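Taken in sequence, the protein lines are chains S and F.
Residue 79 in the numbering used here is what sits at position 79 of the first sequence, and the numbering runs on without skipping anything.
Residue 222 in the numbering used here is what sits at position 222 of the second sequence, and the numbering runs on without skipping anything.
Among the hints, a few may not be true.
Copies of one chain are not kept apart here, so a pair can be met inside one copy or by any two copies together.
To be verified - Only pairs whose alpha carbons sit at most 27 Å apart, straight line, appear in this in silico DSSO-like list of lysine-lysine:
1. Lys316 to Lys380
2. Lys288 to Lys377
3. Lys288 to Lys241
4. Lys299 to Lys142
5. Lys377 to Lys289
6. Lys353 to Lys380
7. Lys353 to Lys36
8. Lys377 to Lys36
No wet-lab data here; the hints were simulated from the structure.
In this text the structure is predicted, and so the values were computed from the model without any measurement.
There are 2 protein chains.
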Amino acid sequence: MYLFGKLHLLRIILILIFASAQLTAFAQEAIIKAGKLYTIESEILNEERKIAVFTPDGYAEGQVTYHVMYLLDAEWNFKYVAALLDKLTAAGEIPGILLIGVVNNNRNRDLTPAGKNDNPARFGGGKKFLDFLTQELQPWVKQNYRTHPYSILAGHSFGGLFTVYTTMEEPERFQAYIALSPSLGRNGEQQVKKADAYYEQNAPIPESIYVAVGNEGGYTAISTKKYAHILQDQESGLRFKFEKLEDSSHESITIEGFIHGLKFIYEGFNLEQFPELDEIFLVEEHYKKLSERFGYELKVPESQYQRFAREQMVTKEWDYARFILSQYEKHYPGSIELVSLKADLNLLTGDFKEALKYYEMLNSLGVESESLSRIIKELKD
Amino acid sequence: MYLFGKLHLLRIILILIFASAQLTAFAQEAIIKAGKLYTIESEILNEERKIAVFTPDGYAEGQVTYHVMYLLDAEWNFKYVAALLDKLTAAGEIPGILLIGVVNNNRNRDLTPAGKNDNPARFGGGKKFLDFLTQELQPWVKQNYRTHPYSILAGHSFGGLFTVYTTMEEPERFQAYIALSPSLGRNGEQQVKKADAYYEQNAPIPESIYVAVGNEGGYTAISTKKYAHILQDQESGLRFKFEKLEDSSHESITIEGFIHGLKFIYEGFNLEQFPELDEIFLVEEHYKKLSERFGYELKVPESQYQRFAREQMVTKEWDYARFILSQYEKHYPGSIELVSLKADLNLLTGDFKEALKYYEMLNSLGVESESLSRIIKELKD
């Protein structure tokens, strides 16, 4: 019980923070596994389809629901986008997102809207493929995974063409769209002409649309710029961004394009962009606004409660620290990190009996570390 | 045998090209697997180490050797960098690269060079870890994989610090380095001071060094800028690039930083940057120069021989097409695409017997497609 006499307050806190950093377990196989592969039967397409699924970190242990990203050309894009989502989430740039990759059976047939001169065996099956996505795949995903309604559709080249097509054909099915180097020159710029007429009649429904082309010549670049021009003229609630990525080719645009697209859709999500949000209630307010934008309750990340609680503990603002932890508990009642902070707070305020209770709770929850054992031993002595 | 009467020349070629595009088989499980995980025994560190390995597309079937990238903090970076290499290679921005990810056992201990005030149980084991990398891991990789000597070392934060440390401690072990937001403020800017003295005495040995910081405050940004200043002053053969990535934080810098670093190391590799290389001998000359830079024979990609051969076939320059295919054969004697082009060329020049021979060879090599069966049937009739 003579802990306090021996160690400086701040040093204890640093040790405790170090101990809590060890809480994050990590699975070895997660290093090399990007997702799971399923085969599902499509009645609409009358064939089997391969679907690749990536679940965000913590999905298995958690209860929350996730935004869903539907990704075309999964055989080329899935592994990269899954790893990218992982990275962007870990860096706090986006929330955890469930990724659904659709592997091609017949790419030319499925990703192209029907045109007058198409041989229907080889091109123009876009409508049927969209029906598969919305009437079979989306229900399958909802049934098998914890999802909430905000969904993204993303594609490249023919996949980008299909993405643009969907924004007008069934705009309410996805809330955000990423179209990279879309093949909008196809069928005499069919989709560009459609957009011109469509937006005369209809206000855009999606929340966000991101479109990019690389440093590439030809019809794709030209037609996409025309399309962007039409969308940029819309004075509605639509969030639209068009970019030319000078360092990318038609092929390599999927690398930086998905990064830019995701950052655009989730603009405002990363708190580091807002150094003025230096109180927990300002952060909660910010997330309330984001929640309104995305149409569901977006929770303040645990890390924020931890950060603010620790700050108060360092400056010995015990009451405010307790208030932050009570807010933390409201949103994350079962959190191990919360138990750890409660233990630390009680230790620092001299309530050793309570502190011991929470440290032992940590132990019983499977947390093991040298500093934890040492503290429990000292508190028992 | 009345094929020519029925179809226009160009249309045949397009069908053949379409058939050959189908040659590229792709394994379903490759969509969701990023690599293999090994456990190896380190005598130097007296512990087991986890090593994650990604092999580039075509590795299993091929004979060629590959550049090797050694990546620190594999538990956070491996999946992303493996997928990124895949993408950059497919887009023609870099050659196929073998990725070796080193999973941490004790990150603080291994990635920090020894400093005066370090508790050696927790910090400062950098030299021993470097010995493990160069005396145990590199030989293991050479023994188990087809490698050639050009190697890259890449790391972030503490991993970036270790990377910078290695450029001076054993500069000849890796030919290129990527250090992202390196923790150069550590131990009173120990490595920055060392660099200042070191480059007074020594010319830099590595071929390329890429360093970046994000839009981040604190010691890391300040000390890294000082370090960059020292390296930028070197008037030697060193290729050095320093960037501040404004849209990245200390955490998210690994996303764009690895892209920029790899593009810098392999600057000149993507032929799209050189539209003036419009003859096969110019391309071969360009690759000869790249080969000199990288210190080993860098082969003209198969796709280039295919592209130029097809161009000549479209313009009916048969002799030149034959010459290109003979060059192609010199470098890729067992290529299936080469057999396919030989078949097409013989078909187009009317040597149906030879054409049939090569189409049947394709068949016996396991290539199956509707158009291939149709052509074989027509040639036999």
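query = What hints, given by number in increasing order, does this structure fail?
reply = The structure breaks hints 2, 5, 7 and 8; every other hint is satisfied.
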